[in-house]
Amino acid sequence: MNPITVTVAVWAVLVAPGALAASAVESLEAAYRSAGAGPFSTGTGADAWRREIPPRDGGAPRSCATCHGADPRSVGRHATTGKIIEPLAPAVSPGRLSDPEHVEKWFRRNCEWTWGRACTPQEKGDFLAYLRGVQP
Amino acid sequence: MRTKIVTGSFALAVVAAVGGGLVGAGDRGERAGHDRADVAPATDARYRAACGECHMAFQPGLLPAAAWDRVMATLDRHFGDDAQVPPATADAVRDYLAANAADRTDGRRAAGFGSPGAGSATSLPRITETRYFSGKHHDVPARLATGNPQVRSFANCPACHQRAEAGSYNEHEVRIPGAGPWHD
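Residue numbers (the numbering used here), protein chains in the order written: chain A, 415 to 550; chain B, 52 to 235.
Read the hints as simulated data drawn from the structure, not as lab findings.
C-beta: ideal position from N, C-alpha, C; glycine also.
Be a bit skeptical, because a hint or two may be false.
As the list claims (entries may be wrong) - With beta-carbon atoms standing in for the labels, derived distance ranges:
1) A:Gly-457 x B:Asp-133: 25 to 33 Å
2) B:Gln-213 x A:Gly-450: 46 to 54 Å
3) B:Gln-135 x A:Gly-457: 51 to 59 Å
4) A:Asp-471 x B:Ala-96: 18 to 26 Å
5) B:Arg-121 x A:Asp-471: 47 to 55 Å
6) B:Asp-146 x A:Gly-452: 38 to 46 Å
Stated by the list, open to error - Below, a sample of chain B positions facing chain A; criterion: calculated Cβ distance under 10 Å:
7) Ala-100
8) Asp-190
9) Asn-207
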């Protein structure tokens, strides 16, 4: 492997993810604002992260932390399958929040599973503000 | 931005390929004759992305084609979750699973998983309920698997099978979290 390839690879692994997360989150926030949401709050996002809602079928209450853990800097574990879930905070998990489509896919899936409904643009913006603001 | 992602992904792929090559070479040198996967690894990128985030992207060779078809036909009720994916993705995944299913391939363990009796006609087929799987795991106590907070489910293959993602389920590679190696 020549030195240029190595340099590009190292850049892609170490530098790009943070920049990608920032631009992806900004484009999502812009979309939420155009739907009437904002401003977004890291504190509201942090509270919502731990808010437990009992599922309709009567099982144990669920929150984001059920699978992702109370601290977005730690690995989580899927409630059903036990699969390890890498931390969601881009500060410790390069590549997280870097693909807007992927972020929306999981808001769609997980808001429904966790709270039994879709999240509002305001709630999604608050979550992203919280996760993006978490320091290593 | 799309360009950046593609460039980054490509570079990552290069790193992964080179790294994987080095590891693979060492592995072959040290453990000659033991590097063949039990089940062909799940290599399809679309399948891995669509199905490998909530659970391991189970190798297609772990269920027969008819069972995969039933799984793909009921993604809106997928083991208690709504796992629907866009139609184009579903088509690609269905084709991949069918073409590489246990009864369409000749992996070392594929014959066991491909035999009839995987699941029933009324419920979703489960790899963990195939006769082959049960035969291999019936003497594993629940406290080490479903009752083990670091495992939780028999479907969490890589929790104990160190090389499950590579399609290798050799008993000597088993390390049960909190309990160590497994001896039958």
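Quiz prompt | List of violated hint numbers, smallest to largest | solution = Hints 3, 4, 5, 8 are the ones this structure does not satisfy, whereas the remaining hints hold.
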